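Asks: Sequence:
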Amino acid sequence: MKLARPLRAGVITAVLSKLNLSKRSNKMFKKKYPLPIYVLMLAQLIGGIDLIGTFMVRFFRDWGGITQTETQTLQSLFLIFIFILEIPTGVFGDRKGLKFSVLSGYAIIGIATVIYGLIPDFRLFVVSEFLFALGVSFISGAEEALVFETAKRTGVEKDFGKIQVVRSNLEMISMIAGTGIAALLAQSMIPYNRIFQMQVIPCFIVFVLLLLVVKEPREHKSQVPDYKEIIGAALKEIRTTKVVKLVTILLGINLGGYFVIWLYQVALEGVNVSELSFGSVRIVLLVAEMVFQTYAIKALKLNDPKTKAVLAAIVAAGFILVATRLSIETIYLFVIVSGGIGATARTVFSPELNEEVSSENRATALSGISMLNRISLAVFNPFIGFLADKSVSMAFLAVSAIVIAAIAIFLLLNRLLTD
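Residue numbering for the sequence shown follows this note's numbering, beginning at 871 and increasing consecutively.
Hints may be right or wrong, so weigh each one.
BS3-like mimics (lysine-lysine), calculated; alpha carbons at most 30 Å apart, straight line [as the list claims (entries may be wrong)]:
1. Lys1112 <-> Lys966
2. Lys1176 <-> Lys1032
3. Lys1022 <-> Lys1112
4. Lys1028 <-> Lys1168
5. Lys1085 <-> Lys1032
6. Lys1022 <-> Lys966
7. Lys1085 <-> Lys902
8. Lys1168 <-> Lys1260
9. Lys1085 <-> Lys1171
10. Lys1171 <-> Lys966
11. Lys1028 <-> Lys1112
12. Lys1176 <-> Lys1028
13. Lys1085 <-> Lys1176
Each pair of labels, with its calculated beta carbon distance range [said to hold, decoys possible]:
14. Gly1140 <-> Glu1086: 49 to 55 Å
15. Arg1285 <-> Ile950: 20 to 26 Å
16. Glu1027 <-> Ser1144: 45 to 51 Å
17. Arg993 <-> Lys1085: 46 to 52 Å
18. Asn1142 <-> Asn1173: 27 to 33 Å
19. Phe1074 <-> Lys1022: 27 to 33 Å
20. Gly1031 <-> Leu1282: 52 to 58 Å
Because the hints were derived from the structure by calculation, they are not lab data. Everything numeric in this text was worked out from a predicted model, so none of it was measured. Ideal placement from N, C-alpha and C gives every residue a C-beta, glycine not left out.
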């Protein structure tokens, strides 16, 4: 389970605009928007406050008393729950309305965070993961559609893109702020389960804001995913060698980025650092994502197969570095290179992926690829967790091996394509 970006499934967008925050945002706020638009921006700022991610591993292992294998199994279940719940929650949004769907999502997530911290019990954690996944499913897609329909209803539809940039900027700011707050709370000896339960506060505030100010759009169209259609379209597109090799390298890099988030906290426990270090490392990770995505788009030849292979190799090298030389310095370097690249690859290579799939199948094919990514993570989660329980180095080396295997397959496919 993971907040924020699963609340936007998974990841950071429009980073180029983030680093030009002062210029772009100042221009935006010179123009007056209707109150509901500002409330939706404020909701993104408050809802993005993440008190959970900084100490996720310690919450489950130290307070919850479960192993890393069980922790990663919970994450597999979370991904499976998301997979299953996409269709029924989409139907709910269609029939009950976008605002009602988003409100339901925040309410359920708030309840889930409270339940997480009641008693340290694996079965209760499973229930909480299901509720959290249910809340995320209600919000995912519906919230973006609610912003668009509100902009349309209030006559500022042409500024939708700019509004989304500002909302994304505010989310990043609040994630960094939430990380600092969580670190200070933990440093003050507040139990992890209480910090976890405090996540209900931003959920409640967002719920009230949206309930009182934002109206349900009179007309809305939300896309309800169809498994058969999605899988069929994805398979149709993936039959081409170009898409196969692109998806292969993306899955490898994404998997590396995913396990950066889960394993850096395990590594920090091995070097015996303060609670504040957990917060500072996470902030460095978030900043690294912003910086890499910005300069990757501007400076790298992303369409070049060699660039993809090198980036994936750097991700793998970061895992090998920590596995062989565990220290606070190597962990910082690890989250900067492996995290900065791995967590943003899907966004960085999104233009190329969109170009490679046909327009008539683009939406369903991309949804299918996202599902494939979730399935692969669900499969590897318990395995990596099991290795982490045995040896931190083994877990890091295993992830690097998976990424290297993806590189090898990618290079082989690239050779077959060019021959």
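Asks: With reference to the structure, classify each hint as holding or not holding.
Replies: Hint check:
no., hint, verdict
1, Lys1112 <-> Lys966, "violated (41 Å)"
2, Lys1176 <-> Lys1032, "violated (34 Å)"
3, Lys1022 <-> Lys1112, "violated (38 Å)"
4, Lys1028 <-> Lys1168, "holds (26 Å)"
5, Lys1085 <-> Lys1032, "holds (21 Å)"
6, Lys1022 <-> Lys966, "holds (19 Å)"
7, Lys1085 <-> Lys902, "holds (19 Å)"
8, Lys1168 <-> Lys1260, "violated (42 Å)"
9, Lys1085 <-> Lys1171, "violated (44 Å)"
10, Lys1171 <-> Lys966, "violated (45 Å)"
11, Lys1028 <-> Lys1112, "violated (35 Å)"
12, Lys1176 <-> Lys1028, "violated (39 Å)"
13, Lys1085 <-> Lys1176, "violated (49 Å)"
14, Gly1140 <-> Glu1086: 49 to 55 Å, "holds (50 Å)"
15, Arg1285 <-> Ile950: 20 to 26 Å, "violated (35 Å)"
16, Glu1027 <-> Ser1144: 45 to 51 Å, "holds (49 Å)"
17, Arg993 <-> Lys1085: 46 to 52 Å, "violated (40 Å)"
18, Asn1142 <-> Asn1173: 27 to 33 Å, "violated (44 Å)"
19, Phe1074 <-> Lys1022: 27 to 33 Å, "holds (28 Å)"
20, Gly1031 <-> Leu1282: 52 to 58 Å, "violated (39 Å)"
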